[in-house]
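Colleague: The task is simple: from the sequences and hints, build the whole structure.
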Amino acid sequence: MTLSTDEILEGVLDGDHRALARAITKIENREDGYRDVVAGLYEHTGSADVIGITGSPGAGKSTLVDKMASTYRDQGLTVGIVAIDPSSPYTGGAVLGDRIRMASNVGDMDVFFRSMSARGSLGGLSTATADAVKALDAFGKDKVIIETVGAGQNEIDIVRAADTVAVLVPPGSGDNVQMLKAGILEIADVFVVNKADVDGADRTVQELKEMVHMGDGHVSVSGGHHGMGVEADVDMPGDDEPEHEPWETPVLETVATTGEGVDAFLSTLAEHADWLADTGQLAAKRRMRTAEEIRTLLRNDAASIVEAEIAERGGVEEMAERVLAGDTDPYTIADDVLAPMQDAIRET
Amino acid sequence: MSANQEGRSIRCLVAKVGLDGHDRGAHVIARAFRDAGFEVIYSGLHKAPDEIVQAAVQEDVDVVGISILSGAHNTLVPKVIEGLKEYGAFEDTLILVGGVVPDDDKRELKEMGVAEVFGPGTPMEETIEFVRENAPER
Chain G
27 MTLSTDEILE GVLDGDHRAL ARAITKIENR EDGYRDVVAG LYEHTGSADV IGITGSPGAG
87 KSTLVDKMAS TYRDQGLTVG IVAIDPSSPY TGGAVLGDRI RMASNVGDMD VFFRSMSARG
147 SLGGLSTATA DAVKALDAFG KDKVIIETVG AGQNEIDIVR AADTVAVLVP PGSGDNVQML
207 KAGILEIADV FVVNKADVDG ADRTVQELKE MVHMGDGHVS VSGGHHGMGV EADVDMPGDD
267 EPEHEPWETP VLETVATTGE GVDAFLSTLA EHADWLADTG QLAAKRRMRT AEEIRTLLRN
327 DAASIVEAEI AERGGVEEMA ERVLAGDTDP YTIADDVLAP MQDAIRET
Chain P
5 MSANQEGRSI RCLVAKVGLD GHDRGAHVIA RAFRDAGFEV IYSGLHKAPD EIVQAAVQED
65 VDVVGISILS GAHNTLVPKV IEGLKEYGAF EDTLILVGGV VPDDDKRELK EMGVAEVFGP
125 GTPMEETIEF VRENAPER
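Protein chains in written order, with this note's numbering: chain G, 27 to 374; chain P, 5 to 142.
Please keep in mind that the hints were generated in silico from the structure rather than gathered at the bench. Honestly, I wouldn't trust all of these hints.
Covered stretches of chain P (in silico footprint by chain G; criterion: 3 or more residues with CB under 8 Å from a CB of chain G, positions within the stretch not fixed) [as the list claims (entries may be wrong)]:
{"hint": "1", "segment": "28 to 39"}
{"hint": "2", "segment": "42 to 49"}
{"hint": "3", "segment": "54 to 67"}
{"hint": "4", "segment": "89 to 102"}
All residues carry an ideal CB built from backbone N, CA and C; glycine is no exception.
Modeller: Here it is, written out as structure tokens:
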């Protein structure tokens, strides 16, 4: 049963699970028609709360996500989950193991769990994830959770698709601090020390709290329009806006295996969502995200035009041969390939 | 179809159904499939047919491989197949069974819609090749 693009669109908006699953497959594989699917779904998005969960392997992300989903279900909310696992760079194969932890929600179709592999396509994964989230949003899920290992830039880009990002930190080991240094600190809206019943959890909580406080001094200097030598009675654009409390990243404790602390965690997520809405941050965030999406899309599209042009001219290896033979250099080749395109742009 | 690494890779659900705690075989298959370039979702032990159906539909897998060593295949496999039909996922999903299945039962399972039954001692390459050749065109 091959579904057409229209059938998929109709099905997703109609609440058909098979259509939703197929839509995400299309998005993931960049199959023909995936653009039409995403474009068609776009106007139906924006109602779901999107939550990102990241943290080092073994931090307990999947187990926590499972408990989150079942708590949301108890509240009568529907949940969509996208879980991203690494794939082998050599074979492209992968074992996607997050599903195995979803023990509390088996057989419940209102929890839509989808595993995705971080396969090859450079920079494409964050776009694919964001598009998959849109499909779940358009389907009508109240909460959409993105789960990914926080290891590098790629993963950080992925959780950017979320409105609220929780970073899970397992207790003990100085490695956490190392991980946090790598830019994860900036993306966290909430820190969760999972496995809080393990020795050393208190210390990790303490360390994180200190780090948050230290970071706070730098981050909250948002205006920067003072001391520029302007007259005192000049209207400062920012000064008329109502004062808002800045969001101080809370540090919470959970034991995902027993569900301890999960309620508090979810209320904190809700508080953050309210804060985003009240301060206008949500609109700003979504504007930035959409801008970034457009930019990425254009960049990828432009790259594929260039790829086609390279192939047209005999492939990049042939060009390399010419450079190595001393006939030309990479810059001349680049100018050469791009010249007709630049001309075409100038003319229009 | 050709499993183009750039475009799509074959997605497989390796499933253990019912009261059967022997998953060494399922693990070996999962790893072999991974190394063959497939994306493998492993269900975990002791799953009910409903759970397998849920996973197969949501993950939109091309292949469902059911591992049964308990002898309950005649009860459990039809339930999985019915569930897949209910969600319109039966026609374009390749259903395989692995385990100890008597010849008479094999025939019955195949009539029901199981593409192939792999018994003990089946070379890994044979299973992988079968999946490559028979993964549904979509």
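Colleague: Now tell me if each hint is right for this structure.
Modeller: For each hint, the structure was consulted:
Chain G is given as covering the segment 28 to 39 of chain P, and this holds because 5 residues of the stretch bring a CB closer than 8 Å to a CB of that chain, at least three being needed. For the segment 42 to 49 of chain P, the stated coverage by chain G is satisfied: 7 residues place a CB nearer than 8 Å to a CB of that chain, which reaches the threshold of 3. Remark: the segment 54 to 67 of chain P is confirmed as covered by chain G, as 8 of its residues place a Cβ nearer than 8 Å to a Cβ of that chain, reaching the required three. For the segment 89 to 102 of chain P, the stated coverage by chain G is satisfied: 5 residues place a CB nearer than 8 Å to a CB of that chain, which reaches the threshold of 3.
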